[in-house]
Amino acid sequence: MLDKLKIPERHYMNDGHSLRSWLLTKDHKRIAIMYLMSISVMFFIGGLFAVGIRFELATPQGDFVTADTYNKFFTMHGVIMVFFFLIPSIPAVLGNFLIPPMIGAKDLAFPRINLLSLYIYWLGGFFTLYAMIVGGVDTGWTFYTPYSAASSNTSVVPTALGIFIAGFSSILTGLNFIVTIHRMRAPGMTWFRLPLFVWAHYATSLVQVLGTPVIAITIVMLGVERALGFGIFDPARGGDPVLFQHLFWFYSHPAVYIMILPALGVTSELVSTFSRKIIFGYSFVAFSSLAIAIFGFIVWAHHMFVAGISTYAAMVFSFLSFSVAIPSAVKVFNWTATLYKGATSWDTPMLYAYGFIGLFAIGGLTGLFLATLGLDVHMHDTYFVVAHFHYIMVGGAIMGYLGGLHFWWPKMTGRMYSEFFSKVSAIMVFVGFNITFFPQFVVGYLGMPRRYHSYPDEMQVLNVMSSAGATVLGLGYVLPVIYFLYSLRFGRVAGPNPWGASGLEWQMQSPPLTENFVEVPVVTSEPYEYEHLVAKEKHLV
Amino acid sequence: MQIFGIPIFPDQASTFAKDVDALYFFIFAVSAFFALVVAVSILYFGVRYHKTHEGDIGARIEGSLPLELVWSVIPTVIAMVMFGWGASVFYHLRRPPDQAMQIYAVGKQWMWKFQHLEGQREINQLHVPAGRPVKITISSEDVLHSLYFPAFRTKMDAIPGRYTELWFEATTPGTYHMFCTEYCGTNHAGMIGSVTVLEPSAFQAWLQGGSQEGSLAQRGARLFESLACNSCHLDTGRGHGPSLKDIVGKTETLEDGSTVVVDDAYLRESILSSQAKIVRGFKPLMPTFQGLISEENLVALIEHVKSMSPNATTAAPAASPASADPAAGKPEKK
Amino acid sequence: MSDAVAHADHGHAHAAHHPALQHHFDTMRQQKEAAVIGMWLFLLTEILFFGGLFVAYMIYRVWYFDAFAEASRRLSIFWGGLNTAVLIGSSLTMALAVRAAQTNNRKWTVNWLVLTMLLGCVFLGAKVIEYEDKFANYEVPGSSYNWLYHEQHAAAGGDHSEAGAAAEGHRELSLTPAQLQNTTQIYFSLYFTMTGLHALHMIIGVGLMLVITRMAWKGKFDAEYFTPVELSGLYWHFVDIVWIFLFPLLYLVERP
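Residue numbers (our numbering), protein chains in the order written: chain A, 1 to 541; chain B, 542 to 875; chain C, 876 to 1131.
Bear in mind the hints are in silico, worked out from the structure with no lab data behind them.
Any given hint could be a false lead.
Claimed, not checked - Far from chain A, some chain B residues (derived; all Cβ distances over 10 angstroms):
{"id": "1", "residue": "Pro-616"}
{"id": "2", "residue": "Val-630"}
{"id": "3", "residue": "Pro-638"}
{"id": "4", "residue": "Ala-692"}
{"id": "5", "residue": "Thr-722"}
{"id": "6", "residue": "Gly-726"}
{"id": "7", "residue": "Glu-740"}
{"id": "8", "residue": "Ala-746"}
{"id": "9", "residue": "Thr-792"}
{"id": "10", "residue": "Pro-851"}
Claimed, not checked - Computed beta-carbon distance windows for the label pairs:
{"id": "11", "chain 1": "C", "residue 1": "His-898", "chain 2": "A", "residue 2": "Glu-526", "range": "49 to 57 angstroms"}
{"id": "12", "chain 1": "A", "residue 1": "Leu-228", "chain 2": "C", "residue 2": "Pro-1123", "range": "39 to 47 angstroms"}
{"id": "13", "chain 1": "B", "residue 1": "Pro-741", "chain 2": "A", "residue 2": "Ile-133", "range": "41 to 49 angstroms"}
{"id": "14", "chain 1": "B", "residue 1": "Thr-617", "chain 2": "A", "residue 2": "Trp-346", "range": "31 to 39 angstroms"}
{"id": "15", "chain 1": "C", "residue 1": "Gln-905", "chain 2": "A", "residue 2": "Thr-69", "range": "52 to 60 angstroms"}
{"id": "16", "chain 1": "B", "residue 1": "Gln-745", "chain 2": "A", "residue 2": "Tyr-312", "range": "37 to 45 angstroms"}
{"id": "17", "chain 1": "C", "residue 1": "Leu-1127", "chain 2": "A", "residue 2": "Leu-228", "range": "49 to 57 angstroms"}
C-beta: ideal position from N, C-alpha, C; glycine also.
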């Protein structure tokens, strides 16, 4: 058997120990780790607000906090989770770390811009957190006018400024990925040999680059409206508040694809690795990522079916919204088919992948309800919508993120974490999640509106169920912090490829060298080839 | 509907509630089917094909074009059915029948104000008859709101500067929830109330107990006089302004040659920004009342003008929400 | 760090590298291509950034054409036209700077760049003059906005740069004073946001030029490596093109 594994002597984490060597690094892997720490902090801040929300909603009366405070809770929960956690998460942490090695490159195309991206993220986060400390913001993360421009007396402009700034971080990351994938692939790494994780990030980057500037300009318009008294959305002067909604959703709908596409890419990697089999329908899965990215731009007004748009416009957008469902369905079916005649296992990353597929499927299917005009009239702005997007964002994106973290943790740190506690945590997250959010479908159809801190008495039982589930879910999220940190010091040494996975990143040492590869790899095999891997493993033994 | 005393399904209290629910059950059934198929397949495959030895790999099956087509085409067809059915229910939801009973609603932070034509005003409470279509024309005094009746399965946003509308025909007498469903600030969650559906005779009785002020149109008539509208808009048509008799539903030709149908939106615009669309042959002499007249008085005036066209249908064009605002010559949107 | 190992990978013949080659790239060509693609992508984001404003402008212009036409007449064709010419000229000098860098002409790279910056500053100066006039005439949207102020005080000014509502060939409009007070504010809201954003991009552009000029002065560029000049050129041309759209849209709504 192999000698007992040891952490390699030189790797990216000990290549320079000073604070300066981290803060001025050009190494995509160090930048990824710094992002990991930053977004984890943001996640728990956003989570605290969620705790506040669910605590209030355990009783029908508004008796925990004042209405204004509650309104700030859900606003800040949304702002932080969307802009400072979900959008960066997988791309900034896993994408940054893995895309160069996956394509056989030494770094991203623009390492300094990568670092700038991180700084910009910190700056944006600073403004937004500052706004929260000096009083908070209560407009909802959607900032609809005229309330946000003329009526709210909270820190709208600093929050909006923070989001504006963070948007540039997102744009630069996307830009970096696109150029990298086009120009930095190793010899032999053709487009159709790329891991599906890379395809997914390419599609995500297209959306980031094309969509984010529109929210940026929307925020500028809101800012001048509010701070300078301009009248672009002011009905008294002939402005149209609904125009804001169009501009806002033109980005914010594609934004949800920024949040889910990377997780779809992670899931492809997990399903393949833990069934030791090539993804069924590789090119269909690759193209479906692009299709989702493109279609995602033409459906925005399905958020506005009852906002005063014409019946005709509503029908067009409803029709187009169904188009986005098809590529998503294609992925789910392809993953399922991959398992057929595979060699599966129950490792933690795979538990997350299974959970992802189920919850993403439910989330996506409930999107069909909302795309259906006749139903959306009843369901819009109720808890049905809240449940739908949490199924995708939490049951989907966050589980994809956690699955990816658990999968690539040994590569990033050289250590394995506790198998027992990670499985416990995965199950807690899955169970807690469903108890939290499934009742919200029911209470939503009953008519419970969103953004309400008090509600009719008869809706209490469902709300209590939801709040109880949130407790389990929260605990499930805290556990990984503990066992991941523990693993850094006490975890079993992982070696280069503990999972027997395919992909160039698993040919690097764990943790990797700063320059990733000692020799630039030349790619000759097709993607997800486990036959060669087995051959190599057998040879080593 | 309740399970162990926990409500899990809202009452059906309007004629189209069952249509909406039927759509819901269809999509639910399709979704449950596919979710189950996927979940069961995954679990089955995950167990059945669990690796037996460390180092096992799966079969190299790259894909199957026929299968890809099948599971792209079938969901597409199902999606089209959902779309079509949903669109047709939506179309029905958006077209108030002619002769629907008119009610006006104004949302403001943080209450709903309703006005019946007969003059009754209600705050956060609405009485409607069963068995008769009711059309509510909605606007807002400040920020966005949204008027929602879960039991009727319909809602519509209230937009400042515009009219929007919803309609329903209530079926079962009872009291049901009414909510604001567009976040509007501090007391958004308090902007709630109830809609009470009464048997037609009970509704009539409730109406009789009505307002001291007389009907909405009567109040409008008093405003017509006090604001001196009657000094220019003579019935003879020889005054400074056109006669308002029988104009509702008429197509007027404007000074620039374009035409406009006289409806709620045009009436509102003419009062608020009178120089925008002047009927051909008349001079731009009418003062604007923007800022001089409240939403409630505005609808009263409009009702009065409408009462001068007793033969016209009361329905405003259902497809496009009436857009009227203090703007220069803005054409009807959409 | 790991120079020795990294160098062993490179397949090209000569041992020395251009000092500007970054180590994660294999060749200067790959580095330049990456930089150029990156810049074009960035400009694409800028198109979408300004695009939101253009969309809002087009919608309101269709709705309130008369008010927009009226308000547009308050802008000075002289200064707007001058700025257009200045910017087009500066794009020419910029292109010449890139050419000079490409042909290893350090002196003229610097000269053309300086000229470009000067023209950029002329543009910004003209903008200051225009904005000052707007402020003086209470044409800035908000609580102090007063549409009628300009007409009431135009006679006193005799200012050649403003055309009032009384200009010849001006067609009869049926807009009330209240409508004018309101919807022209939308025009000016968009005017200031669009030209203000554009001016901000100009200022950043001039700053960029300062950096590039310094680099050129210090001899950092040669025929094999002048990418920063080229990329700055792309940026500058883009800012110019935005103005080419802004000028007719904002200034030339309905001029006789």
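Hint check results:
1. Once the 10 angstroms rule is applied to beta carbons, B:Pro-616 is inconsistent with being away from chain A; the minimum gap is 5 angstroms.
2. Remark: the non-interface label on B:Val-630 conflicts with the geometry, its nearest Cβ contact in chain A lying 3 angstroms away (cut-off 10 angstroms).
3. Separation of B:Pro-638 from chain A is adequate, the least Cβ-Cβ distance of about 16 angstroms exceeding the 10 angstroms criterion.
4. The claim that B:Ala-692 is not at the interface with chain A is violated, since a C-beta of that chain comes within 10 angstroms of its own (minimum 8 angstroms).
5. Its closest Cβ contact with chain A, about 4 angstroms, brings B:Thr-722 to no more than 10 angstroms, contrary to its assignment away from the interface.
6. Residue-level check failed: B:Gly-726 sits 6 angstroms from the nearest beta carbon of chain A, not beyond 10 angstroms.
7. Here B:Glu-740 stays apart from chain A, with its beta-carbon at least about 24 angstroms from theirs, past the 10 angstroms limit.
8. B:Ala-746, annotated as away from the interface, keeps every beta carbon of chain A farther than 10 angstroms; the closest lies near 28 angstroms.
9. Look at B:Thr-792: its CB is around 21 angstroms from the nearest CB on chain A, clear of 10 angstroms, so calling it non-interface holds up.
10. Listed as a non-interface residue, B:Pro-851 keeps its Cβ farther than 10 angstroms from every Cβ of chain A; the least gap is roughly 29 angstroms.
11. A hinted range of 49 to 57 angstroms for the beta carbons of C:His-898 and A:Glu-526 is inconsistent with their spacing of about 30 angstroms.
12. About 26 angstroms separates the C-beta atoms of A:Leu-228 and C:Pro-1123, a value inconsistent with the hinted range of 39 to 47 angstroms.
13. Under the hint 41 to 49 angstroms, the C-beta atoms of B:Pro-741 and A:Ile-133, about 58 angstroms apart, miss the expected range.
14. For the hinted restraint 31 to 39 angstroms between B:Thr-617 and A:Trp-346, the CB-CB distance of approximately 35 angstroms keeps it satisfied.
15. Take C:Gln-905 and A:Thr-69: their Cβ atoms lie about 55 angstroms apart, and the range 52 to 60 angstroms holds.
16. Separated by about 39 angstroms at the C-beta atoms, B:Gln-745 and A:Tyr-312 satisfy the suggested range of 37 to 45 angstroms.
17. Restraint check, C:Leu-1127 to A:Leu-228: a C-beta distance of roughly 26 angstroms breaks the suggested window 49 to 57 angstroms.
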